[in-house]
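A.B. asks: This is what each chain is made of:
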Amino acid sequence: MFDTIKNKIYHVEILPPKQETEKLETDLENFANKYNRVMESGYYACITDNAMGHLSFQGTELIEELELPVYPEQIMIHLNTFHTREDLDNILNTCRSKGIKYLLIVSGDGSERLPKLQPADIGAEGVESVTSVELLKYIQREYAGAFVSGVAFNPYEPEDHEFAKMERKLAAGASFIITQPLIEKNPVVDRLLDRYPDVPVTIEAWMSKKIYLLSEAVGYEIPENTAYDPIATLKMLHRLYPKCGVYLSLLGFKTQYDLIRDTWV
Amino acid sequence: MKIVVCIKQVPAANDAKIDPETKRIIREGQKAVLNPFDTYALEEGVRLKSLLGGEVIALTMGPPKAEAVLREAISVGADRAILLSDRGFGGSDTWATSYALSKAIEKIGDVNLVICGKQAVDGDTAQVGPGIAAHLSLQQATYVMAIQDVTTESITVQRMHEEGYDICELHLPAVITVLKDINVPRVPTLKGRLASQKCDIPVWKPADIGAEPDKIGLDGSPTRVVRTQPPPARNTKSIRIEGTPQECAQALVKDLRLRSIL
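Here the protein sequences line up with chains U and D, keeping their order.
In terms of numbering that gives the first Met the number 0, the first sequence has 62 at position 63, counting the first letter as 1, and numbering is strictly consecutive.
In terms of numbering that gives the first Met the number 0, the second sequence has 120 at position 121, counting the first letter as 1, and numbering is strictly consecutive.
If we strip away everything but chain U, and leave its shape as in the complex, we get (with noise of 0.2 Å):
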């Protein structure tokens, strides 16, 4: 992971379609679009896992029926804890068998209509529910040396209960760090930095101008009407964490995907 940040290649976010579209067709053709212009372009294609809780089609089931070219070190999969113990070894499966070896692995946000993996389900003990460290362990434990597995890092929820998440995580076999949206410098970054100078980190950077929808991951409310420039946050960040990765969430494939090529210098 340390070689993506070295080469300077982007993590871009693509958002499988959702289950509920009326237009499923289109939407597979734009997932289609986005993913191998992504393919094409050298980056890396981070196929979210039901984000925010909708419901939404998996990134493996739609590589496979889409018939999408898989190169391994290109693809990162988000698997969260909302699927059941059958679903989640289809998932991982289906990547073991394509080569796929990247996960990103969350706890995830639920919804009524999503299943969550009980403890009892991955052999988890002495928990109460399945966080992203019981899976991971599981993966770690069940496939063993099949993937490299990386974990969210959230600075603005209280710091010492972060770091020692953290800790749990890089314990249970996480071997890089990708964190929320920053819009500008975090401290709590810095420190995480400073504390695992051996972990590649990945920052988020939030790539659409809604930064309002940012309020409850930030902690603090975002009027609607802010102003905000995200190729010039995006720059900033560079600047800012020379030595992060950069994963780029809710980009805009048709207003500034040919803009972000000259943006890492």
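Hints in this document: simulated from the structure, not taken from any laboratory.
One thing to keep in mind: the hints can contain errors.
[As the list claims (entries may be wrong)] Only pairs whose alpha carbons sit at most 20 Å apart, straight line, appear in this in silico EDC-like list of lysine to aspartate or glutamate:
(1) K190(D) with E66(U)
(2) K30(D) with E19(U)
(3) K197(D) with D86(U)
(4) K22(U) with D121(D)
(5) K190(D) with E223(U)
(6) K179(D) with E111(U)
(7) K197(D) with D26(U)
(8) K236(D) with E223(U)
(9) K190(D) with D86(U)
(10) K190(D) with E19(U)
[What the hints assert, rightly or not] Label-pair restraints from in silico Cβ distances:
(11) S96(U) with L257(D): 55 to 61 Å
(12) P186(U) with E246(D): 18 to 24 Å
(13) K253(D) with P241(U): 27 to 33 Å
(14) Y164(D) with R84(U): 23 to 29 Å
(15) T243(D) with K242(U): 30 to 36 Å
(16) L54(U) with T243(D): 35 to 41 Å
(17) R84(U) with L257(D): 42 to 48 Å
(18) L171(D) with L54(U): 30 to 36 Å
(19) G90(D) with D88(U): 44 to 50 Å
(20) G125(U) with E161(D): 30 to 36 Å
(21) K253(D) with E64(U): 38 to 44 Å
(22) A216(U) with A206(D): 55 to 61 Å
(23) P19(D) with E161(U): 49 to 55 Å
(24) A250(D) with E183(U): 27 to 33 Å
Ideal Cβ positions, reconstructed from N, Cα and C, are used throughout, including at glycine.
Fit chain D to the known structure of chain U by using the hints.
C.D. replies: Frame of chain U, contents of chain D only:
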């Protein structure tokens, strides 16, 4: 085993509007979804099929756009689906609806088990499942929270009530209505969704199922809706409390007491 799962398209919870004249839910132009309780009925049907073999048939009555929930049923494992749709069915109450569904079930033939969700979230009556059983003179169990055993001859279920649950054995064919405790519904796969878009869904009219005209629609409905009103919108405003954990806890308790919640 031939299993019929009766499902219903309902307005999305936040979109429900009521016609002030007719007192009925306005369905035109509203976002519609599969009745949440029916997802558990479908899952149970598909699960039983995987155990015993056979076929799962999704059945609904509604306007042409109700076909969408039948396709959703196929995407999660139903083998085929049938839509009852005709102006003659319009305005049916639960008795007329259950009559129409029972006639369709008779026409499907050799059905071993009918599964319904415990109720639809638009009408909240929980009457259609029992109505089907009554029209077909079948044994029934409502509020089923678990199936303990099932064979080609009988089904043993746990039926929830206020003080616990009863264990009931029913001879098949039978009707059950299920609670959400019974299973965890699967999420449709892309493969299933794509397959569901390609399949043909037959549309049956009253004459196709041998329904008597005076037993369906408004004429066949002994109940009349006198008054309905939408529930008050929920206040979802969130408040962020700042301070140390102790200060936050104290402020939270104080606020809850002021609101007479504590």
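A.B. asks: Now tell me if each hint is right for this structure.
C.D. replies: Hints versus structure:
| no. | hint | verdict |
| --- | --- | --- |
| 1 | K190(D) with E66(U) | holds (12 Å) |
| 2 | K30(D) with E19(U) | holds (11 Å) |
| 3 | K197(D) with D86(U) | violated (25 Å) |
| 4 | K22(U) with D121(D) | violated (26 Å) |
| 5 | K190(D) with E223(U) | violated (39 Å) |
| 6 | K179(D) with E111(U) | holds (11 Å) |
| 7 | K197(D) with D26(U) | holds (17 Å) |
| 8 | K236(D) with E223(U) | holds (16 Å) |
| 9 | K190(D) with D86(U) | holds (14 Å) |
| 10 | K190(D) with E19(U) | holds (15 Å) |
| 11 | S96(U) with L257(D): 55 to 61 Å | holds (58 Å) |
| 12 | P186(U) with E246(D): 18 to 24 Å | holds (23 Å) |
| 13 | K253(D) with P241(U): 27 to 33 Å | violated (47 Å) |
| 14 | Y164(D) with R84(U): 23 to 29 Å | holds (26 Å) |
| 15 | T243(D) with K242(U): 30 to 36 Å | holds (34 Å) |
| 16 | L54(U) with T243(D): 35 to 41 Å | holds (39 Å) |
| 17 | R84(U) with L257(D): 42 to 48 Å | holds (45 Å) |
| 18 | L171(D) with L54(U): 30 to 36 Å | holds (34 Å) |
| 19 | G90(D) with D88(U): 44 to 50 Å | holds (49 Å) |
| 20 | G125(U) with E161(D): 30 to 36 Å | holds (35 Å) |
| 21 | K253(D) with E64(U): 38 to 44 Å | violated (54 Å) |
| 22 | A216(U) with A206(D): 55 to 61 Å | holds (58 Å) |
| 23 | P19(D) with E161(U): 49 to 55 Å | holds (53 Å) |
| 24 | A250(D) with E183(U): 27 to 33 Å | holds (28 Å) |
Checked against the numbered hints above, the structure breaks hints 3, 4, 5, 13 and 21 and satisfies the rest.
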